[in-house]
Amino acid sequence: MADTHKPASPPNPTAPNPDIDAYAHEEELEAHLQTKRMYINMGPSHPATHGTVRLKVELEGENIASIDCEIGFLHRGFQKSCENVTWTQCLPYTDRLNYVSAMMNNFGFLNAVEKLIGLEIPERAQYIRVIGSELHRIHDHLTCVAATGMELGGFAPFLYGVEARELIMDRVAELTGARLTTNFGRIGGMNRDLPEGWSEKVIKTLDKVMELVDEMDGLLTRNRIFVDRTKETGIITAEDAIDYGWTGPCLRACGIDYDIRKVKPYWVYDRMEFDVPVGQHGDNYDRYLMRIEEMRQSNRIIRQALKQIPGGPIIVNDWRIALPPKPEVYGTIEGVISHFKLVMEGIQVPAGEVYDCTEAANGELGWYMVSDGSGRPYKVHVRAPGYPILSAVPHIIKGKLLADLIPTFDTINMIGGEVEQ
Amino acid sequence: MDRVTAQFPEAVAERYLDRTGGAWAVIHAEHLPKVAAFLKNELDFKLFTSIDAVDRLHLAENDPRFEVVYFIYSLSRHEHVRLKVRVSEANPELPSIVPVFRGADWWERFVWDFYGIRFAGHPDLRRVLLYEEFQGHPLRKDYALRDRQPLIPERPIKDIFRGPGTSGVS
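For the record, the sequence lines run as chains A and B.
Note that the working numbering numbers the first sequence so that position 389 is 389, with each residue one more than the last.
When you read off a place in the second sequence, starting at 1, and then add 1000, the result is the number in the working numbering.
Simulated from the structure, these hints should not be mistaken for lab results.
Don't be surprised by glycine CBs; every beta carbon is placed ideally from N, CA and C.
Keeping only pairs whose Cα atoms sit at most 27 Å apart, straight-line, the calculated DSSO-like set for lysine-lysine is:
1. A:K264 x B:K1046
2. A:K115 x B:K1141
3. B:K1084 x A:K264
In silico negatives: residues of chain B with every beta carbon more than 12 Å from chain A:
4. A1011
5. R1015
6. K1034
7. E1089
8. A1120
Work out the full structure, taking the sequences as your base and the hints as a guide.
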């Protein structure tokens, strides 16, 4: 591997040696400021890179002459692992793709598998999925906005963001039993129902969270330092963004109104009233504003969903897909057999292929699956929204200042887990 | 898809709808850049979503071995279109579509990295997720699940559980 960060300089025996000769530095002291190119490694674990990514930056003065993103430090072989376990056993892996909005990955995967089977899940399960997804969308955007605020010099917004995140995590923990990687959905429905009194708690929590979001909004949106550093930096035109395959809030910041929840409503999104914010300039400031506004819209969706949610089952009543209830497993031979077959062989997904996408926090989360009719996926491809967004970073940052790299990297919200699978 | 077939009758080898109503077309490799450019410029399929490959080694029909799948989306018509190109194991090479869609850059590197399918005309075909010294292409079905190539020797840890599955047999 060529070490491009080390400029090659051939040894010159006649030149003065600064370690031995007393006046060797004199020439350097008299000279003008250095004009040669400087190579800087940002990362793999830099505090401003969310995840592990190594940016090989070539600097000319303060401007970035060229940049190369090197990823893969977090690669765990998601596809290969999925191809060697049953469909249900893939679920914990999907959680770890985007670890700040685990439920969205989880439900996106389930949605694709259910499409492949041709399965309609109960209405109550669809509502629970909407609520879970939107909670985690707020969670994801809070992380992004809070970190952006902190890395541009505001520590208070970060503390508010973490506080709000903590409140959401508590509700998620009550719902699923885990704070971050929830593993909550099941093929055909949900793992368990909403706990007693959870809805009222969520509404109270949302009141507090929105208060904190307003606080962050007030601290950042008109802040002179924040605005100066984000406005008109990291600009990408709408054509370029489309060409690179951007989706989600980053694409909408360029003025393209594309949200899968509106265009192709899945679950019960067509019954919800919400707006899709659209920006104009495609710069860092717009991407930040998108996220603030989307949190407010998610808040609206959760409140409507909690009001509308009907009673009923949360998982399909089909023992070839969902585990039978425990009394049946212990009491009847049919229950034992279907439990055994589901655990040992997995759900028998009919042979075929499907591409399905949902709107995750960062954009279109696509799943392409091939089944050969057995209990294990033959192929699982995940189209992570962060991957194309990150691939455009060298394009948008070339020739700009090194300081612009930090806000750009913050607002595209790269998550190592999903980019590197 | 009808218009693609009408425009390039010689390029389309197969067409079908999948169970969820998605339109697929199998394209001959040499016509791929032309079809991609037509889709982008004439039919307004501008948003490049992703590329992936399927190793069909264990499937019923496995000749040619690889199938590279392209996903393209139209923002004005809200439609997905998927193209498939079949590649043999002996000569895994495809024309690159980076001149048409810049977003294909990293995805083609991804397919090269994991399946070993070359893209002729790609500006910078390197591995993207794995390191340069890595031997082989791990998402091929004949690459065993437990094969390891640590760059730094792994420390011997007793009784460590090395992930799921048998040693690549399935």
